Amino acid sequence: MNETNFAPAAEVGLCPDRLQRLVKVLHAEVASGRLPGAVALVARRGKVALFESLGMQNPDAGIPMARESIFRIYSMTKPVVSVAAMMLMEQGRLLLADPVARYLPEYAHQKVASERNGQLTLHPVERDATVHDLLRHTAGLSYEFLGSAEVQRQYTALQMGSRERSNAEFSRVLAAIPLMHQPGSIWEYSRATDVLGRLVEAVSGQTLDDHLQR
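Converting from the sequence shown to this note's numbering requires adding 28 to each position, the first position being numbered 1.
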């Protein structure tokens, strides 16, 4: 980061004492063992007032935390992908009400599973899942680690958490698994944003990585 991007806290309307209180809290968390390390960055008006690393990036290997340390952000990728989809909507390239199957044909004619006494019964969807359903996690999907229903066991058996597949292959495999719920009926934290990422690829004609770099 260019040093010209830095400015004293007071110069950008921040309280230096309060920023130091934040740093002290982080140091205390590291000292107590609750955090292995941390990177704090506070900016305002285009200027960085605080940028500090502390603790260890990898305690076992003795690697200290650095300001340039790279973190896996897990589900914080969800809002990033969601914004990418909304930008395509702004451009008129998709609508929230569009069926997912319009862009990903493998999601046409899905089935919904109901389980009773160990028996799985499949029912046709009452309506197709939409882009809106993917954004709000009402597409009838799930996660393999959220329970032990038969559908979730299929997620596990098919290794839906594997990072060895392309987004296109992931989408095709997931689409063949029955839904947990009728689309639009129930909110459930799920792999919906993974599907949304594949949909962004289909609409944009780019890989998700390339599209997000634009």
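Honestly, the hints are just simulated from the structure, not real lab data. Heads up, some of the hints might be wrong.
Unchecked claim - Subject to a maximum C-alpha distance of 30 angstroms in a straight line, what follows is the list of computed DSSO-like cross-link-like pairs (lysine-lysine): (1) Lys106 with Lys75; (2) Lys106 with Lys139; (3) Lys75 with Lys52.
To be verified - What follows is a set of in silico ranges between Cβ atoms, one per label pair, in the way DEER data are often shown: (4) Ser103 with Val53: 18 to 28 angstroms; (5) Val70 with Pro92: 31 to 41 angstroms; (6) Val111 with Ser194: 20 to 30 angstroms; (7) Ser103 with Arg144: 24 to 34 angstroms; (8) Thr184 with Leu124: 41 to 51 angstroms.
All values reported here derive from a predicted model rather than from experimental measurement. Here a beta-carbon is modelled for each residue, glycine too, at the ideal position from N, C-alpha and C.
A quick look at each hint next to the structure:
With a C-alpha separation of about 27 angstroms, the suggested pair lysine 106 and lysine 75 falls inside the 30 angstroms cut-off, and the hint holds. Between lysine 106 and lysine 139 the CA atoms are separated by roughly 25 angstroms; this keeps the pair inside 30 angstroms, and the hint holds. For the hint pairing lysine 75 with lysine 52, the CA-to-CA distance comes to about 22 angstroms; that is within 30 angstroms, so the pair holds. About 24 angstroms separates the C-beta atoms of serine 103 and valine 53, a value consistent with the hinted range of 18 to 28 angstroms.
Distance hint check: the CB atoms of valine 70 and proline 92 are about 21 angstroms apart, inconsistent with the given range 31 to 41 angstroms. The supplied range of 20 to 30 angstroms is met by valine 111 and serine 194, whose beta-carbon atoms lie about 22 angstroms from each other. Evaluation of the 24 to 34 angstroms hint for serine 103 and arginine 144 yields a pass: the beta carbon distance comes to about 32 angstroms. The hinted range of 41 to 51 angstroms is not satisfied by threonine 184 and leucine 124, whose Cβ atoms lie roughly 31 angstroms apart.
Hints 5 and 8 from the earlier list are contradicted by this structure; the remaining hints agree with it.
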